[in-house]
Amino acid sequence: MTTTPKTTPSARRVARYQTGTGRPPWQLSGSAVFIAVLFALPGGYVVWRAITGGSLSLLLEGRALRPLWRTIQLAVLVSVSTAILGTALAWLTVRTDLPLRRLWRVLAPLPLVYPSFIGAAAFHSGLTPGGIVHDLVGQFGFNLELRLHGLTGAWLVLTLFAYPYVYLPVAARLATLPSSLEENARLLGDRPFQVFRRVVLPQTTSSIAAGSLLVFLYTVSDFGAVHLMRFETLTQTIYRNRLFDQTRAFGMAFLLLALALLVVAAERTVARRSAQIEVTGDRSPLNVALGLWRIPAAASCSLIVGLALFAPALSLADWGLFGWLQQRRGLAALRLDWGDLASATWSTVWISSVTAVIAVAVMLPIAYLLARHRSRLGGVVNSVVIAGFAMPGLVVAISLIFWTLHASPFEFLIGSMPVLVFAYIVHFGAQAVRTAQVAVTSVPKRMDDAARLLGANRLRRLITVELPIMAPGLTAGAGLVMLSTMKELPATLLVAPMGFRTLTVEIWDTYEALYLAEMGILALVLVAISAVLTWYLVVRRANHLA
Amino acid sequence: MYLPKRRSNRLSALLITLALVGSSTACGSNNEQSLTIYSGRSEKLVGPIFESFSTATGITLNVKYGSSNDMALALATEKDKTPADIFLSRSPGPTGYLDDLGLLAELNDDVLKEVDSGTKPANGHWVGFAGRARVLVYNIDEVVKEDLPNSVFELAKPKYKDLVAIPGSNSSFQDWFTVFRLRNGDNTATDWLNSMVANGARFYPKNRAIVEAVSRGEVHFGLVNHYYNHQESEKNGDAQRSENHTFTSGDDGGLMIMATASILKSSDDKDLANRFLSFLLSDIQQRYLTDTVFEYPLAIGVAPADRLPQQPIDTVGAVDIDNMAAEFTRTMEIIEASGILDQ
Numbered sequence: 004m005t006t007t008p009k010t011t012p013s014a015r016r017v018a019r020y021q022t023g024t025g026r027p028p029w030q031l032s033g034s035a036v037f038i039a040v041l042f043a044l045p046g047g048y049v050v051w052r053a054i055t056g057g058s059l060s061l062l063l064e065g066r067a068l069r070p071l072w073r074t075i076q077l078a079v080l081v082s083v084s085t086a087i088l089g090t091a092l093a094w095l096t097v098r099t100d101l102p103l104r105r106l107w108r109v110l111a112p113l114p115l116v117y118p119s120f121i122g123a124a125a126f127h128s129g130l131t132p133g134g135i136v137h138d139l140v141g142q143f144g145f146n147l148e149l150r151l152h153g154l155t156g157a158w159l160v161l162t163l164f165a166y167p168y169v170y171l172p173v174a175a176r177l178a179t180l181p182s183s184l185e186e187n188a189r190l191l192g193d194r195p196f197q198v199f200r201r202v203v204l205p206q207t208t209s210s211i212a213a214g215s216l217l218v219f220l221y222t223v224s225d226f227g228a229v230h231l232m233r234f235e236t237l238t239q240t241i242y243r244n245r246l247f248d249q250t251r252a253f254g255m256a257f258l259l260l261a262l263a264l265l266v267v268a269a270e271r272t273v274a275r276r277s278a279q280i281e282v283t284g285d286r287s288p289l290n291v292a293l294g295l296w297r298i299p300a301a302a303s304c305s306l307i308v309g310l311a312l313f314a315p316a317l318s319l320a321d322w323g324l325f326g327w328l329q330q331r332r333g334l335a336a337l338r339l340d341w342g343d344l345a346s347a348t349w350s351t352v353w354i355s356s357v358t359a360v361i362a363v364a365v366m367l368p369i370a371y372l373l374a375r376h377r378s379r380l381g382g383v384v385n386s387v388v389i390a391g392f393a394m395p396g397l398v399v400a401i402s403l404i405f406w407t408l409h410a411s412p413f414e415f416l417i418g419s420m421p422v423l424v425f426a427y428i429v430h431f432g433a434q435a436v437r438t439a440q441v442a443v444t445s446v447p448k449r450m451d452d453a454a455r456l457l458g459a460n461r462l463r464r465l466i467t468v469e470l471p472i473m474a475p476g477l478t479a480g481a482g483l484v485m486l487s488t489m490k491e492l493p494a495t496l497l498v499a500p501m502g503f504r505t506l507t508v509e510i511w512d513t514y515e516a517l518y519l520a521e522m523g524i525l526a527l528v529l530v531a532i533s534a535v536l537t538w539y540l541v542v543r544r545a546n547h548l549a
Numbered sequence: 573m574y575l576p577k578r579r580s581n582r583l584s585a586l587l588i589t590l591a592l593v594g595s596s597t598a599c600g601s602n603n604e605q606s607l608t609i610y611s612g613r614s615e616k617l618v619g620p621i622f623e624s625f626s627t628a629t630g631i632t633l634n635v636k637y638g639s640s641n642d643m644a645l646a647l648a649t650e651k652d653k654t655p656a657d658i659f660l661s662r663s664p665g666p667t668g669y670l671d672d673l674g675l676l677a678e679l680n681d682d683v684l685k686e687v688d689s690g691t692k693p694a695n696g697h698w699v700g701f702a703g704r705a706r707v708l709v710y711n712i713d714e715v716v717k718e719d720l721p722n723s724v725f726e727l728a729k730p731k732y733k734d735l736v737a738i739p740g741s742n743s744s745f746q747d748w749f750t751v752f753r754l755r756n757g758d759n760t761a762t763d764w765l766n767s768m769v770a771n772g773a774r775f776y777p778k779n780r781a782i783v784e785a786v787s788r789g790e791v792h793f794g795l796v797n798h799y800y801n802h803q804e805s806e807k808n809g810d811a812q813r814s815e816n817h818t819f820t821s822g823d824d825g826g827l828m829i830m831a832t833a834s835i836l837k838s839s840d841d842k843d844l845a846n847r848f849l850s851f852l853l854s855d856i857q858q859r860y861l862t863d864t865v866f867e868y869p870l871a872i873g874v875a876p877a878d879r880l881p882q883q884p885i886d887t888v889g890a891v892d893i894d895n896m897a898a899e900f901t902r903t904m905e906i907i908e909a910s911g912i913l914d915q
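Chains as they are written, first to last, in my numbering: chain H, 4 to 549; chain C, 573 to 915.
If you're looking for bench data, these hints aren't it; they were derived computationally from the structure. Bear in mind that the values here come from a model prediction, so they are computed numbers and not experimental data. The beta-carbon is built from N, C-alpha and C at its ideal position, and this holds for glycine as well. Heads up, a few of these hints could be off.
What the hints assert, rightly or not - Per label pair, the in silico range of CB-to-CB distance: (1) H:Leu-306 / C:Gly-674: 55 to 65 Å; (2) C:Ser-850 / H:Gly-65: 23 to 33 Å; (3) H:Trp-51 / C:Asn-895: 41 to 51 Å; (4) C:Lys-653 / H:Gln-329: 18 to 28 Å; (5) H:Asp-340 / C:Ser-850: 23 to 33 Å; (6) H:Gly-65 / C:Leu-720: 50 to 60 Å; (7) H:Gly-141 / C:Glu-806: 19 to 29 Å; (8) C:Ile-906 / H:Phe-196: 47 to 57 Å.
Claimed, not checked - Some chain C residues judged to face chain H by a derived CB distance under 7 Å, without partners named: (9) Ala-646; (10) Leu-844; (11) Ile-912.
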């Protein structure tokens with residue numbers, strides 16, 4: 004395929020860098036600390052406001068602990084269910100003879116394209132009378148009484164839209180796991196389920212943990228789904244009190260931050276304990292014959308992908324199509340300017356591309372520090388960066404407005420693109436950390452050594468040897484950042500330059516004005532573009548995610 | 573599975589070009605007169621007003637859209653360094669909050685004289701420019717006219733058990749409840765809300781969701797802003813099975829909530845900003861707001877559109893609120909304690 008060294012993902016693990024080799028050079032530590040300081044800005048603002056505003060005394064009241072407890076309930080439930088769902092789907096699509104496996108591999112990660120707000124709205128109204136699912140079922144004489152709300156509704160919607168965070172790394176890990184271990188276990192008399200539990204599961208623990216961590220943080224920072232499902236979590240309390248009771252809002256943000264840091268630390272402990280077997284050899288993974296289970300397995304996949312991917316799309320199409328048909332019949336013109344749509348699409352694509360590229364570049368030093376050096380600093384930096392993912396977009400935006408105007412020499416940057424890109428990176432950079440780390444690990448040490456012997460300096464080795472090998476992994480990470488950026492709303496509204504309108508801004512605007520048909524069309528455009536990009540950037544490179 | 577080197581270079585080159593093109597289109601020239609507006613009303617509603625102002629005067633408007641509370645939060649964070657000249661808010665709450673922080677300027681007399689005394693505060697720091705009435709939306713198939721209440725207090729009676737929806741977390745409802753509380757006292761207001769909850773009042777987060785739920789009979793009544801039903805009827809025609817009911821004139825259930833306009837103290841061209849406010853209160857723009865957006869015009873001498881309930885409705889400004897933040901915090905506490913949000 005190319006001139007780069009022949010390296011399949013598994014072969015690349017032959018002689019990878021061992022963590023703990025030497026102290027990190029000062030340039031690396033220095034840049035990692037610098038990046039961590041930037042990432043700590045929102046959290047720092049929250050801590051400062053919570054302390055100086057007297058929020059801490061609020062935290063002991065029962066009233067403050069209720070939203071915290073609900074947040075923990077929801078986040079744990081969603082993390083556990085996505086861990087099970089994501090792992091099961093990954094195993095089915097990668098390690099079995101499931102029918103239409105290639106199709107499932109493309110479709111399974113795609114629910115990631117829905118902003119939770121739009122997904123939940125589509126879901127919610129599809130099921131209620133007047134909604135497409137409800138009315139379709141009604142055609143067959145059933146009266147659907149299902150009304151999604153509260154913990155159940157939020158849990159279901161978030162599980163369906165967040166499981167790809169587990170599915171992607173686990174599928175990648177399973178695809179690179181050699182068959183020899185499982186074959187040996189089978190030869191020694193283990194039944195397929197025992198093989199899964201004793202061999203496969205321990206080897207994927209760290210991927211599951213990393214994916215579940217992202218799901219947990221995604222859930223605690225989510226606003227859209229819990230808002231529509233009327234479930235009062237911390238982000239809801241922050242949102243409701245953001246103006247008139249900032250003491251409470253920052254107190255809740257402080258709790259959110261503490262929770263996130265705690266969970267990040269816990270995940271590191273789990274990940275460190277699960278020693279992964281170094282993969283040698285280069286054989287294709289074992290395919291388990293499902294036998295009679297093929298049909299139920301395929302049915303479950305259809306159900307999940309149907310619910311998570313097609314049901315919301317159907318609702319959106321329903322709204323959009325209804326409006327379009329009315330226009331065709333001359334009833335009501337669509338209040339949609341195609342020029343605006345095109346420019347919003349363009350703005351969305353370019354700002355998220357720029358964000359993704361810079362985010363990956365920023366994550367590289369951290370990835371090097373984590374992958375090649377065992378140091379306390381690496382752990383701290385990692386926690387700070389990942390905690391950024393747990394901060395609600397609103398909090399990130401307000402804190403950056405504050406820092407830009409009142410505590411930095413960059414006042415002139417207010418309302419400019421750099422601040423917006425910075426906000427996105429602080430918020431979503433965490434999603435590229437792990438892929439960047441995996442990418443760094445995948446560079447065989449002997450190649451770097453060879454280049455060094457030939458007299459190539461650090462920069463030259465990075466450009467000519469390491470980056471080409473890491474490119475696919477880094478691209479997959481960039482894809483994840485890009486997707487989240489495309490879906491972001493609150494920070495975009497507050498920080499973006501005036502007149503800069505992305506698709507989510509247009510969608511919000513039409514939603515506020517009750518233009519459902521227009522909203523359906525805009526949302527479909529966003530979802531379609533995201534789907535193509537997910538496939539192009541993430542799914543095709545899925546093996547580089549773990 | 574990975575990109576050949578040459579292709580990936582081209583990809584990043586493309587991305588960098590995108591970045592450059594994007595940022596160059598983002599910066600506009602800035603030599604003519606311009607105003608910056610933070611708008612808590614959405615572009616679909618007020619955008620046409622901005623456009624006609626720019627066309628008529630040649631003045632460029634830079635507008636940041638968002639929810640009123642977010643815009644006020646941004647302004648409170650930016651303080652005197654804000655680029656904003658004008659703040660348009662859905663309701664007086666966020667505006668009053670900024671006024672309490674001392675961030676708003678007094679408006680010119682020719683702007684203030686456009687509206688009645690009930691539509692502006694004594695210090696002249698803001699004006700109402702459009703009104704939304706709180707009404708009771710009801711299902712026309714399930715409810716006979718005789719069963720419609722005269723007062724919002726009747727909704728706590730057993731007759732309405734499990735049939736009424738309240739948008740407890742919605743900012744319009746909170747505006748209304750704050751005034752309701754200040755007019756009737758904390759005890760009466762708290763008792764009313766608690767008895768509503770005891771009477772099985774249902775919680776929905778948004779006015780719109782309530783109008784939809786009432787139309788399909790999920791609940792029979794809902795406390796909402798008047799214009800959602802007009803918009804839904806416009807869209808759905810006869811399929812919309814709900815209508816607005818206004819409480820008896822003077823009843824606490826039927827207050828008017830004003831959208832407000834104010835000018836920031838830090839604005840460096842307040843006369844220009846006042847000029848925009850005059851434009852907003854001009855007959856043509858007020859007619860647009862009532863005929864197209866179905867809101868109540870607030871400039872003196874402009875009549876509401878025919879389809880709106882015609883009886884006079886008290887405005888929120890009729891109650892003087894000294895400390896917005898404290899009052900809204902109290903409102904929030906009572907609403908939270910009532911348990912309506914926990915459904």
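TODO: Return the numbers of the hints above that this structure violates; sort them in rising order.
DONE: Numbers 2, 3, 4, 6, 10 and 11, in rising order.
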